[in-house]
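Chains as they are written, first to last, in the working numbering: chain A, 1 to 362; chain B, 1 to 87.
Hints listed in this document are in silico derivations from the structure and should not be mistaken for laboratory results.
There's no promise every hint is true.
[Unchecked claim] Pairs of lysine-lysine, BS3-like flavour, derived with a Cα cap of 30 Å:
no.	chain 1	residue 1	chain 2	residue 2
1	A	Lys327	A	Lys107
2	A	Lys49	A	Lys92
3	A	Lys185	A	Lys175
4	A	Lys175	B	Lys75
5	A	Lys327	B	Lys78
6	B	Lys75	A	Lys49
7	A	Lys149	A	Lys92
8	B	Lys78	A	Lys225
9	A	Lys107	B	Lys78
10	B	Lys75	A	Lys327
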Amino acid sequence: MSRKIKKIRISNFNIALILLSANFLCACNNRKSPEKEIKLSEYDCAISKRLSSNDIGLVEGLYANNSDYGGCNIVLLDYHDENSFSLINTEKENEIIRFGKIGHGAKEIPIGCTGHMTDSSFIAFSDELHCIVEYDLKNTKYENVKVHKYNLEDTQFTQIIPVNSFLYIGMGTYKDEYQYVLFDKNNNVIDYALNLYNYDNPDFNSFHKFLSNQGRLAKHPTEPKFVAVVYNSRNIDFLEVVNDSINCIRSSRELSPNFECVTWNGYNRVLPVNNSPIGFIDVCTNQDFVFALYSNSEFASGEDSSDMIFVYNWDGALCTNLTLPNKANYIAATNDMLFIILETNNGEYMLKGYRMSSICNV
Amino acid sequence: MSLKNKKNVCAICTLCAIALLSYFYQENNDIAVAEITTKNIEALAQGDDDDANHVWCCGKIRTCVKGPNFKILGKMSKTPCQEKSKK
């Protein structure tokens, strides 16, 4: 009898030991689960604006700031009437201002420019013409344009954002090895940082490396802090520019893209291998948080929207998993509002705004 | 030379000048931006019979295909693009 009890005791001890070990193993896992999971409902939606297909074409980006005249300014990457961008105000009905004239003239930009929005301007860049173009959104004629030309060797940029009036940070490839470059108005490379995820992979040539490391770079509204996500991945980097150098706050590379490189007749492309996730779609920021739109769907599904937003603080820690009531194509944030744009079944777009107070009590 | 002939010579000279200027303009613009059509990316895949290699470049943001001095804009997609852009 006592032997049996001893056996049972030992087996209980073993189970306890296994559970304890499993607990330790889980604790060692780098993936931190968020503190909160929030599901938004239609009830939380404070702004809902239908954008007619007569007015809006194909939306490929969303930006927002607070307008001095009330409401929020929304900029859409929407090639329309030979202009790249459409500006709307959340409190004005049926008024759409087009800017970003397409062309090769002095104050014109080529097709395909992305941008960055500050509280007073929209800054677009073209890596084809090597120019950064700033549109003053407070000037109601939207023709007040500043153009800066850059000329750097060994760079291919997917996005450039000004750090201040003299410095710029670029995301892309530098010397086929680094992902971020800090340069000044006189075309001096001041600093560079973080290896490309595939910098040492011989299957990737220079063009493949650029194509596979495209993503979105966004800036903190007031401080020289940046966040970057790579498409088709779960890689997110938090950076800070301090004393003319790039300081990595946190680099979280949980799932790098999985591409097959193809070169045919001088054309280079990268193809996601089967079962690759769509990964990060978009990223936006406000004073306190970083919002990253992420999709677990496979690339082959053809979906380009998601209802899942990871909310990080500026230290790079994941705070909240946010679930939207609808799948969003792109997101934008101000300190008070989170905006999403989504495509409806009839091919139109809806702009929706959620109050930060209902999202971020973290 | 009659007035009509003079006009013809003048017109030909003007056309030649325009052609020369266009040529040098093209030469100086080192990047030729390709318009995104479904056709050009399909053409790229003609070399492969494998369905896995058939992709479309949709939209005008991101770079889908790149080479020396050219790129095709668009987000890579496994499904055909929706023609929504307003021109």
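Hint-by-hint comparison with the structure:
1. A:Lys327 x A:Lys107: At roughly 36 Å apart (the allowed maximum being 30 Å), Lys107 of chain A and Lys327 of chain A break the hint.
2. A:Lys49 x A:Lys92: holds (10 Å)
3. A:Lys185 x A:Lys175: holds (20 Å)
4. A:Lys175 x B:Lys75: holds (24 Å)
5. A:Lys327 x B:Lys78: holds (19 Å)
6. B:Lys75 x A:Lys49: holds (26 Å)
7. A:Lys149 x A:Lys92: violated (35 Å)
8. B:Lys78 x A:Lys225: Not satisfied, since the Cα-Cα distance of roughly 35 Å exceeds 30 Å.
9. A:Lys107 x B:Lys78: violated (36 Å)
10. B:Lys75 x A:Lys327: holds (18 Å)
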